[in-house]
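Colleague: Based on the provided sequences and hints, a complete structural model is requested.
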Amino acid sequence: MQTETRIQDDPGLASRYLAGQLSPAELQAYEQHLLENPDAVRELEATARMKVGLASLRESGQLEKLLRAQPALRSRWRALAAAAALIVLAIGLWRGIETPRDSTLVATASELMDSSGRPLTAGSTYALLRTRSSAYDAVIELPPEPRAIELRVRPEVAAPVHSVALSRIQSDGSTTQIGNISQLKADADGFVPLYVDSSRLEAGPYLLVITPVEDRAATSTSAFRIRVTGPDERQP
Amino acid sequence: MANPEAHVVAPTSAAVPPGMDRAAVEALIAKHYTGLRLLIQRRVGDAETAADILNQAACTAWEKWQTGQVRRPEEIGGYIFQVAMNLLRNRRRKVAERADRRVDSEVLGHLPADVDATDRWADKKIAARVKRMLQELNSPRDREILARFYLQEEDKDAICRDLALAPDQFDKVLHRARLRLKELLEAYGLQKSDFFMLCL
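So the sequence lines, in the order shown, correspond to chains A and B.
If you're matching positions, the first sequence starts at 1 in the working numbering and goes up one per residue.
If you're matching positions, the second sequence starts at 1 in the working numbering and goes up one per residue.
Hints are not guaranteed to be accurate.
[What the hints assert, rightly or not] Here are some chain B residues pointing at chain A (derived, C-beta under 8 Å): (1) Leu38; (2) Glu74; (3) Gly77; (4) Glu136.
No wet-lab data here; the hints were simulated from the structure.
Glycine included, C-beta positions come from ideal geometry on N, C-alpha and C.
Modeller: See the structure below:
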C-alpha cells in the first residue's frame, strides 16, 4: 500500500520509466501499477507525448527560443490589453466624443437584426471573468446560424458604466477592432451584459477590453482573452 | 484515414471491446498510443525495428487477452507498454554492450529518416501542443525544468539542487504542465463512442 501511494504521488515516475531509469524494485512495482490502473497508462502515454513533442521542438530549432522566451504569454496578453486600451482611449480622445457604437456589440439582444431585418434569435450566454488556470477566459462556440450571443463580463474594477471593445488578434499578434460599445450599465451582481452578433465572429483568438467610462486609466481596464471555435472544432 | 486527429489525441479510454482480434490491438496502438510509438521510433532510430517492437507488443497483449490473463479489457494498455518497454530495454542493453555502436541519448532522441508521413504529421501535431503548453508557462524556470527532466532526462534531485527548488515545487511544475498538455491533447480528442467504432 505504501509503494502504491508513493507511485501515485510521484509525477516523475512515468518519465523515469520511459527513460529506463527505474531500479528493478521500482520497475516491478510500477509495471504492476500500470496493469491495475488504466489511468496510469494514460498518464504514461501523455508523458511519452511530452517527450516526443519536446524532442521534435528541439529538432526544429524552436525549443531554444521557447526556453528563452520573455515575456511569457500572460505578460504578452497584458501588453496587448494595455495596447488595445490605449487605442480605445486614443480614438475617444481624438474624436472628443464617446466612441460611436456599431452593430457588432449591442446592449440588448433585440438590437441585433438578421439580413431580412428580423431580430436575431437568442444564442448561448458566456460569462467572462478573470481565470488564472487556462489560456483563455472563455471559449465561444460559433452556432451554425447567426445568433445573438450574450456576454456577461465581470470587470476587475467595479463601476456603474463601462465601454467595451472587441478585437480580433491576428497571427502576428496585432489586434483589429471589430466592435465597440459605450454606456453599458453593470448589473447588481457586478456583471456587465452585452450581446454580439455571431455572424461577425470567425474562429480564432479575440481580446475584449472593458473600461469604466468615468475612469479611463489603463489600470482600471480589464482585458479578457476569448477563443472562438468554429463548428468543425466542436467536440462530438 | 477517417480522422487523422485520432493519431494525436490522448487516449480517451483504454477499453477494448470483447472478441477483439489482433488487428484491433494494432489499431489500439496506432490510434491511442501514438506517443509510445513515436518515442520508440526515436529511441531505436530505425522504423523497421520500432515496428517489430510494437508488433511484438500487440501480439503479446493479444495473447494475454486470448488466454484470459487480462482480467479487465482496460488492462490491455498496461501490457502494451510493459512489453514494448521491455523489448526496448533489451535492445538498448545490446547496443550498449557493443562499443562500436554506443550512442548517447542525444542521438537516440532523433527521428529515423525513413519514418512515414503519417508519423511525421502526428509528431508535428504533438509538438504544436507541447509548444503551446510551453508558451503558456509564465516562468522560464518552469520551462527549463520540463526540458531538463523530460527531454534531457536529468535527475530530479540534480535539477532541484541547481535551481534551488524544493521537491514539492518541482512536482507541482510537472503536475501543472502535464495537466495542461492533457487538456490540449484532449481538446481535439475522440469520444469513447468513436473509439469503439474504430475497433469494430
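Colleague: So, for every hint listed, does it hold in this structure?
Modeller: Do the hints match the structure? See the list:
{"no.": "1", "hint": "Leu38", "in the structure": "holds (4 Å)"}
{"no.": "2", "hint": "Glu74", "in the structure": "holds (4 Å)"}
{"no.": "3", "hint": "Gly77", "in the structure": "holds (4 Å)"}
{"no.": "4", "hint": "Glu136", "in the structure": "holds (5 Å)"}
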